[in-house]
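Asker: Single-letter residue listing:
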Amino acid sequence: MARMKFLCDADRCIECNACVTACKNEHEVPWGINRRRVVTINDGLPGERSVTMACMHCTDAPCAAVCPVNCFYTTADAVVLHSKDLCIGCGYCFYACPFGAPQYPRVGNFGSRGKMDKCTFCAGGPEADGTKEEFEKYGTNRLAAGKLPLCAEMCSTKSLLAGDGEIIAQIYKERVTKRGYGSGAWGWQTAYRETIAS
Amino acid sequence: MARLLAQARFIIGALALALILAVAPLAHAQQPTVANPTGVNPTAASVKEQQLLNALGNGDAIHGRVSIPDQKSANLIHPAGRDWRHFHEVTLRWIGAIAILGMLVILVVFYLVRGQVKLETGYSGRRIVRFNGFERFVHWMTATCFIILGLTGLNITFGKPLLLPLIGEPAFADWAQWAKYAHNYLSFPFAVGVFCIFLMWIAGNIPNRVDVNWLKRGGGIVGHDHPPAYRFNAGQKMIYWIVVIGGTLVAASGYLLMFPFYVTDIQGMQLAQTVHAIIAVLFVAAMLGHIYIGTIGMEGAFDAMGEGTVDVNWAREHHPLWLEQEMARTGPNESQRQPMATPAE
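Keeping their order, the protein sequence lines are chains P and L. Mind the numbering: the first sequence is residues 802 to 999 in the numbering used here, read in order. Mind the numbering: the second sequence is residues 353 to 697 in the numbering used here, read in order.
Fair warning: there could be bad hints in the mix.
Said to hold, decoys possible - In the EDC-like style, the derived pairs of lysine to aspartate or glutamate whose C-alpha atoms are separated by at most 16 Å in a straight line are:
| id | chain 1 | residue 1 | chain 2 | residue 2 |
| --- | --- | --- | --- | --- |
| 1 | L | K470 | L | E651 |
| 2 | P | K916 | L | D526 |
| 3 | P | K825 | L | E521 |
| 4 | L | K400 | P | E849 |
| 5 | L | K400 | P | D812 |
| 6 | P | K885 | L | E521 |
No lab work stands behind these hints: they were computed from the structure. Keep in mind that this is a model prediction, so the values were computed, not measured.
Full structure from sequences and hints, please.
Answerer: Below, the structure is given as structure tokens:
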């Protein structure tokens, strides 16, 4: 099986936020929740870079380690998913996540945050693939339909790559070699304990 | 003339071509990579993840700007969660296990070695009011909340390794959901109780010289001594201040977690959870000692908080100075305090 990863080529990202919009639309994510966002570092300064970020589906995921009810699981494709039936909305995954991925539908209502929501790599949840229940809780299951995450699929500059880690790393390396520069795979060191030389 | 000009043009053209051909490899060699036709490297001046990560202080995040309304999401990477994860999964479990199991072992060993602190002069049959109805209500309200808060709190840290394998994930998640609600909502009566305890018993809990003597003589717990004490002895004063200070810190750090982002950010909540958890497990350990001495540890002690009265002999053995004060004001069989002075006719 593949080891699914995201890779944002920051030298290509133009901060169009189409990945954010596509994600919200595809999964009908509730108002106030963003599974993906684009962060601009050094905004307005020389050397500014924009990076799109969501759940990175970490190796040895911190959210899964700290969850008091064990609601996280890792699929055969190494996608980190969770069960909203088990989640108690305690917020611990949010404290541990290095990427700020977990989201809560209600913030600060006497600790009743509601069930945690995050990027599923378009792979749904524990319910049967493609069912209505799965869609209502987790959004579309594109992976089960043989498609990759929509954010990356429709990225206009092909800055955001999603797919098997080795293949997208190879694509990125070829780009770096061909154009002669690259600012590295953002977040890979933190999520997967590896970097792509550039 | 025209032929000469054409020849000259040909020669100049050939020279120019030769020059280009000769210079081209040189120009080519000046570029390090074959495939960067412009020769510009935009990454050279760009912001680098590694530099940002290296520059991070403890608890900092790589921060940028987002165009969505949720400004909290402007933190791109904050690696401090790793330290918190290690605390929650490893350090806290050790601290909690050592504090709570250690206290239980000490109490069991102490009970087996020392046994119950007996009432040496026996029951007199005469009783004196020690805690009135309001005091007992506040005590038991706070105590009930504390026990539930303690168990539901320990469930968050120890439930996954201990309880979850026994009852399975769905049942454990249901229990943990109710436990979380109980933990959140019972924090309010608990905090009110701690505040009432603070006001209600502050007068009797200021440390004084009698406490030094009491502590020097081991409180009469270790041997069979009975060092004098007013209404609260030094041990009870310690419990009082543990409840007041510990309760305040636990409540304050807990409300930071219950109202996320109202006061503090993620790093602040990681710190609040650390403080909350460490104080809470030490608090539980201290209260185990309190429960022990108030029940099986000492004969006649439970009546004080149970029915509100104690035997006069018990009061004479454990709180002689307090008994003297009370006797000066009330008769031993009267539950109502008499006025301090008779009003002038």
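Asker: Going back to the hint list, which numbers does this structure go against?
Answerer: 3
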